[in-house]
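Quick note, the sequences are listed as chains A and B, same order. Heads up, the first sequence is in UniProt numbering, so the first residue is 1 and it goes up one at a time. Heads up, the second sequence is in UniProt numbering, so the first residue is 1 and it goes up one at a time.
The set of hints was computed from the structure by calculation and includes no laboratory data. Some clues are possibly wrong.
As the list makes no split between identical chains, a pair holds if one copy fits it or if it spans any two.
Claimed, not checked - The calculated DSBU-like cross-link candidates involving lysine-lysine, where the alpha carbons are at most 30 Å apart (straight line), are:
| id | residue 1 | residue 2 |
| --- | --- | --- |
| 1 | K204 | K29 |
| 2 | K233 | K122 |
| 3 | K29 | K203 |
| 4 | K204 | K32 |
2 protein chains.
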Amino acid sequence: MISLNDVYHIVAAIIPLYVAMILAYVSVKWLKLFNRDQCSGINKFVAKFSIPLLSFQVISKSDPFKMNLKLIGADVLQKLIALIMVAIITKVRSNGHLNWIITGISLSTLPNTLIVGIPLLKAIYGDEAHVLLAQIIALQSLIWYNLLLFLFELSTASEAHTIEAQGDPEVRQEAQEIDEREGTKSRTPKRRRLIIILLTVGKKLLMNPNFHATVAGIAWASISFGCNVKLPKVVENSITILSDGGLGMAMFSLGLFMASQASIVACGTRLALLAMFLKFIVGPAIMAAPSIAIGLKSVPFKIAVIQAALPQGIVPFVFAKEYNVHPDILSTGYYDCCLFLQDNRWLACGIANCGGVLFVVGIIGNAQKAGSEGIICMYVCMYVYGL
Amino acid sequence: MISLNDVYHIVAAIIPLYVAMILAYVSVKWLKLFNRDQCSGINKFVAKFSIPLLSFQVISKSDPFKMNLKLIGADVLQKLIALIMVAIITKVRSNGHLNWIITGISLSTLPNTLIVGIPLLKAIYGDEAHVLLAQIIALQSLIWYNLLLFLFELSTASEAHTIEAQGDPEVRQEAQEIDEREGTKSRTPKRRRLIIILLTVGKKLLMNPNFHATVAGIAWASISFGCNVKLPKVVENSITILSDGGLGMAMFSLGLFMASQASIVACGTRLALLAMFLKFIVGPAIMAAPSIAIGLKSVPFKIAVIQAALPQGIVPFVFAKEYNVHPDILSTGYYDCCLFLQDNRWLACGIANCGGVLFVVGIIGNAQKAGSEGIICMYVCMYVYGL
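With the rest of the complex left out, here is chain A (with noise of 0.2 Å):
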């Protein structure tokens, strides 16, 4: 059993979260203090700085020489399973539509594990969760997001129906200009629109600051950790003193997001409820299954099916914001924090979970009907897992 003193350190770990998550809802809802526009100034300046530097901080500090293979092989064939999953329902359900596979696979695929997972699962396991988490973030980063950009350019491509329309100028021109040196006149508009969309996400990614932060995290952390170097402390200090904000800031950013929204559940019950049973019992489950297929054990394993169960993701929620994908949908995958309950840490869950619903849902509006959700869920998760 978990003792009380653990409990005390999850909950001291999570709720400062939604205090400041709480504070940008209120300044902006009740109080009025910061517009449209002024809001956006924040949300760019977080999207912008402070979670590309806070990532930066957190992969370049992992060893890459001590990856654990099997909690990446699990991660991997986790997104492997949930595409060809979502995939097939979706085609049953919606005719394949690529908005619905991109958001199903946020939801039970990309959780927030760098700013919920690390003081949440730091406070459970120590310095180990930290490691982990570490080399989960750096392949979300580097992988995951860059193929969700991927099939957000996709998606857009393909509601446009015409090649013509799609992608900047320039970005047709090159296209054109790879026909023309290589020759090939006569080759399919499907793939010439599908060179169209590669080059598109490229440029996307060269904007990225978050990408940039990724590859200078990895490329740092095979420096240190191969030649035993550190990074000065004046390099260190400046890049800490914009990160060290990170944390609250992106908190308060959701906050901002949230008080933009008519209703909290601004996708509507349903949804909100398909979303939850995506995240809380899908995504575990999913990641579940694998981890134990390719063996890995003990903290390892509760790390990976825990942190599958966190939150959703900042980045992926930017995303769907910025190509207009369902945004509704995946905000509410924040204050449904860590409904997912774990063997015998079910009290330090349990409190936790407490902690975000009665701290976000339960506090701001819509009471009685969010906190029934997360108590069922609770309840079903609990069931799922034997508890």
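Please arrange chain B on chain A, whose structure you already have, making use of the hints.
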């Protein structure tokens, strides 16, 4: 002599502040990342959340039962000397215009103890500096900033000439009610005007989060050190999650303002030189004189004099912007970082100064002019303090 290691610590503490500022400057001036309204959103976040929480954190950790009375005495005397001196000079030069008195006092007596002072002086003198600076910060927030606010309101009132046009209707009515209650219908207009101004200042203070943070900080420090209790970890973490970023965000916000100006030395060279003279020569001199008279010695004396030569405080600058009273002059007080040199610490301060000048003025535009100003000022300081 100060060791090279100490110098490195100081540089490592100061440069990151300027990195944050330059990042903001670059992102507005060159990358066009934030528009005017978005900048004001970030500024508001800094003014309403980061700075007050940072103030609370610093003040609540300083023991009010171990105040250095000599230091406080010298601080009070410095302000008195500055007020008398600036009042006499402006009387002679510009018919005693209140705006010039305010700017003169801000420049000569209200340095950036919280953001620049603590990392810099802690790097030189260790924890003792932190204890003493926290006392100066508490005085600044509790007394000097409120007096400054009073002067700003007084200036606004004088400028409007007629009493009736002044203050909001509510305040006017309150003043009238006080008049009627005391039955002094024959009261002179001057006195009634004073009551209106006092009520307006009172209202402004009650809406100022920094004032609340200071009062709460002193209250909690009294309880905490008096009864030997500590803040619960959850509360502590909830504060630090947002205040941690305060330092970086405040410098970022300064960079945003600098970028909004047409030129780095927005007020022109003549006024910038005058501002530097007030900040780096007059400020420390009128702190040193009463400190010697009162008998402040060794490290506390050095800390008192050095902190008086720090760049301009952020709160007076925010006020100046709000009331539109020479913000362009006050903003120059930032990048002239640490030009003041003190006894055998000259190498350390010299390097910190080079850091400030090189990283801020040297790199970004107006290079030669501002650079030479900095060097002249440096030599004047060295001469004045007999280095």
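How the hints compare with the structure:
Proximity of K204 and K29 under a CA criterion of 30 Å is satisfied inter-copy only: 22 Å between copies versus 33 Å inside one chain copy. With identical chains, the CA atoms of K233 and K122 are at most 30 Å apart both within one copy (25 Å) and between copies (16 Å). For the identical chains of this complex, K29 and K203 are inter-copy neighbours only, at 23 Å across copies versus 37 Å inside a copy, given an alpha-carbon limit of 30 Å. Only between protomers do K204 and K32 lie at most 30 Å apart by alpha-carbon distance; the minimum there is 17 Å, versus 34 Å within a single protomer.
When each numbered hint is compared with the structure, no violation occurs for any of them.
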